[in-house]
Amino acid sequence: MQVTMEEHGQIVTLKIEEERLDAHNSNELKVQLLNLFEEGKVKIVIDLAQVRFIDSSGLGALVSGYKNASSREGVLKLCGLQTQVKSMFELTRLHRVFEIFPNSEDAQASY
Amino acid sequence: MKNQLEMDIKVPNQTQYLGLIGKIGEDIAYTLKNFKDNRDELAYHINLVLTEAMANAIKHANQNDPNKEVHISINVSQNNLCIKVYDQGQGFDIREVNIVEPDPTKDHGRGVFLIHTLMDSVSYTKCEHGHVLEMNKSFESSIEN
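Just so you know, the sequences run in chain order A and B. When you read off a place in the first sequence, starting at 1, and then add 14, the result is the number in the working numbering. When you read off a place in the second sequence, starting at 1, and then add 3, the result is the number in the working numbering.
FYI, nobody ran anything at the bench for these hints, they're computed from the structure. Hints are not guaranteed to be accurate.
Said to hold, decoys possible - Between beta-carbon pairs, the in silico distance windows are:
(1) GLU52(A) <-> ASN82(B): 51 to 61 Å
(2) PRO69(B) <-> GLN16(A): 19 to 29 Å
(3) THR120(B) <-> ASN41(A): 17 to 27 Å
(4) SER124(A) <-> LEU8(B): 42 to 52 Å
(5) MET15(A) <-> ASN70(B): 23 to 33 Å
(6) HIS132(B) <-> GLU113(A): 42 to 52 Å
(7) GLU52(A) <-> ASN70(B): 32 to 42 Å
(8) LYS36(B) <-> PRO116(A): 31 to 41 Å
(9) PHE38(B) <-> GLN24(A): 43 to 53 Å
(10) GLU33(A) <-> SER141(B): 25 to 35 Å
(11) ASP120(A) <-> PRO107(B): 20 to 30 Å
(12) VAL45(A) <-> ASP11(B): 31 to 41 Å
(13) MET15(A) <-> ASP30(B): 23 to 33 Å
What the hints assert, rightly or not - So these bits of chain B aren't anywhere near chain A, every CB distance computed over 10 Å:
(14) MET10
(15) ILE12
(16) ASP30
(17) ASN65
(18) ASN70
(19) ILE77
(20) GLN93
(21) GLY94
(22) LYS129
(23) ASN139
(24) GLU143
(25) SER145
For glycine and all other residues, C-beta sits at the position ideal for the given N, C-alpha and C.
Chain B with its partners taken away, still in its complex shape (with noise of 0.2 Å):
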């Protein structure tokens, strides 16, 4: 079997998961072979990057409807990571989300500004059943052969 690990998780539309998909991706992190790198700084920022994502598609996307659910695909290959966080909503345009750095004193407008720092690529689109938001961050440089 190639090298390469892949998650589907559905959960119910509520943050109290928020810990549980969070926890996911921190052990992750510790399953990458020969990462030379800050094992516990990409710990949290995979835990953090995945609460943000997951928090928008809750809230915002899906509106605290409880009848409605969220999914977390994640891929993890050697040089890279991939998260898929599938909504049930209308979307929102995350153009329209301040991507530069928030003024410090808002209490607002942070989650979209992390993840956009933390990862390497970002993007949502419309799929079958409502939006995907798809986060890729690349490990190559951070792996020793």
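Looking at chain A on its own, in the form it has when it is part of the complex (with noise of 0.2 Å):
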């Protein structure tokens, strides 16, 4: 999976760099967000601007990682949802549990 990680003091951004985000690639992202809550950073930002498709197992990645962050008393959002995938939020009700912004800029302005 093609991620780019940036770094602003403690927050991290992660954008995905894939069209997809499926059963086929969402266990990278799951392993990757452990992989930054284990390096005791927990103030994440997920910058989907790339992101045109999502099923149930990318959906299911990003939320563990949500659960993960906040056990570890810190907090995973999103940002750059395009139409269709913030509908999937919608149709899932997950748009109530995620705090999403339009762009990474004001993802990381809100911590």
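Please assemble the complex out of the two chains, which come individually in their own frames, going by the hints.
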């Protein structure tokens, strides 16, 4: 999975450079997030601007990251959701769980 | 020839093919004539149900066995879409899988819920070499005659 990582102070931004976040690659994201948590990095922004398609496994990986960050007194936030991807969050009520921002600058500024 | 599109596809039991099959599903949405609702949304939904059904077949029914395969049959007419996904596994009872809205804080259990939400009818039955998940969607109310 192609991911670009940027760090601004304590905040780590992961930009997913894939068109699809699905059962084929979502586990890689889950593992990458767990590695960050083990390094003590718990303020995470995931930029989904390149992601055109997300399935239940992709949503599951984000929920897993959200829960792990929260249990370590951190927060995982999302940004850059395309229209159809956003509607998946609404269909599964996950838009009520995550803080969602239009872009990574807004998400980073919210910490 | 009657105005009907039929496709039979067999793919190895590997998740790397999810994108390919999903893309075929999206393209089908753009071939429908006189479809008056949101076509991009329909394309996403067909992509999604194919992806979810295949991922279930590969991981749960076929248990990631590289010697197995998944067979997908897609049948599109002017008013209806029928997708069948055949696995080679022992099957699982989809009634046991939670089809009500899942708890938003759980990391699993959304796939079957999404299929039931987006399709009109869903069944999972035994067939010759395994099981088949059949999903139907009517376009009747979305087609302008």
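Hint-by-hint comparison with the structure:
For GLU52(A) and ASN82(B), the Cβ-Cβ distance of about 53 Å falls inside the hinted range of 51 to 61 Å, so the restraint holds. Taken as a hint, the range 19 to 29 Å holds for the pair PRO69(B) and GLN16(A), whose Cβ atoms sit roughly 25 Å apart. Taking 17 to 27 Å as the suggested C-beta distance range, the pair THR120(B) and ASN41(A) conforms, at roughly 24 Å. Restraint check, SER124(A) to LEU8(B): a C-beta distance of roughly 47 Å satisfies the suggested window 42 to 52 Å.
Taking 23 to 33 Å as the suggested C-beta distance range, the pair MET15(A) and ASN70(B) conforms, at roughly 26 Å. The hinted range of 42 to 52 Å is satisfied by HIS132(B) and GLU113(A), whose Cβ atoms lie roughly 47 Å apart. With their beta carbons about 36 Å apart, GLU52(A) and ASN70(B) fall inside the hinted range of 32 to 42 Å. Distance hint check for LYS36(B) and PRO116(A): the Cβ-Cβ separation is about 36 Å, which falls inside the suggested range of 31 to 41 Å.
Checked against the given bound of 43 to 53 Å, the beta carbons of PHE38(B) and GLN24(A), roughly 49 Å apart, stay inside it. One distance hint, 25 to 35 Å for the beta-carbon pair GLU33(A) and SER141(B), holds here, with the actual separation near 30 Å. Hint check: ASP120(A) to PRO107(B), Cβ distance near 23 Å, so the stated range 20 to 30 Å holds. In this structure the supplied range 31 to 41 Å holds for VAL45(A) paired with ASP11(B), their Cβ-Cβ distance being about 36 Å.
Checked against the hint of 23 to 33 Å, the pair MET15(A) and ASP30(B) passes, with Cβ atoms roughly 25 Å apart. Interface exclusion of MET10(B) from chain A stands, the closest Cβ pair being 20 Å apart, more than 10 Å. At roughly 17 Å, the least C-beta separation between ILE12(B) and chain A is larger than 10 Å, which holds for a residue marked as non-interface. A cut-off of 10 Å between C-beta atoms confirms that ASP30(B) is not in contact with chain A; the least separation is 14 Å.
Every CB of chain A lies more than 10 Å from the CB of ASN65(B), the least distance being 13 Å, so the non-interface label holds. With a least CB separation of 19 Å from chain A, ASN70(B) remains clear of the 10 Å interface cut-off, as annotated. Distance check on ILE77(B): its Cβ is at least 18 Å (rounded) from any Cβ of chain A, clearing the 10 Å threshold; non-interface status holds. For GLN93(B), the condition that its CB be more than 10 Å from all CB atoms of chain A holds, with the nearest at approximately 20 Å.
Non-interface call for GLY94(B) relative to chain A: holds, since the shortest CB-CB distance, roughly 19 Å, exceeds 10 Å. Consistency note on LYS129(B): stated as away from chain A, and its beta-carbon is indeed over 10 Å from all of that chain's, at 24 Å minimum. Under the 10 Å C-beta cut-off, the non-interface status given to ASN139(B) relative to chain A holds; the minimum distance is some 20 Å. The Cβ of GLU143(B) lies farther than 10 Å from every Cβ of chain A, with a closest approach of about 22 Å, so its non-interface assignment holds.
For SER145(B), the condition that its CB be more than 10 Å from all CB atoms of chain A holds, with the nearest at approximately 17 Å.
In this structure, every one of the numbered hints holds.
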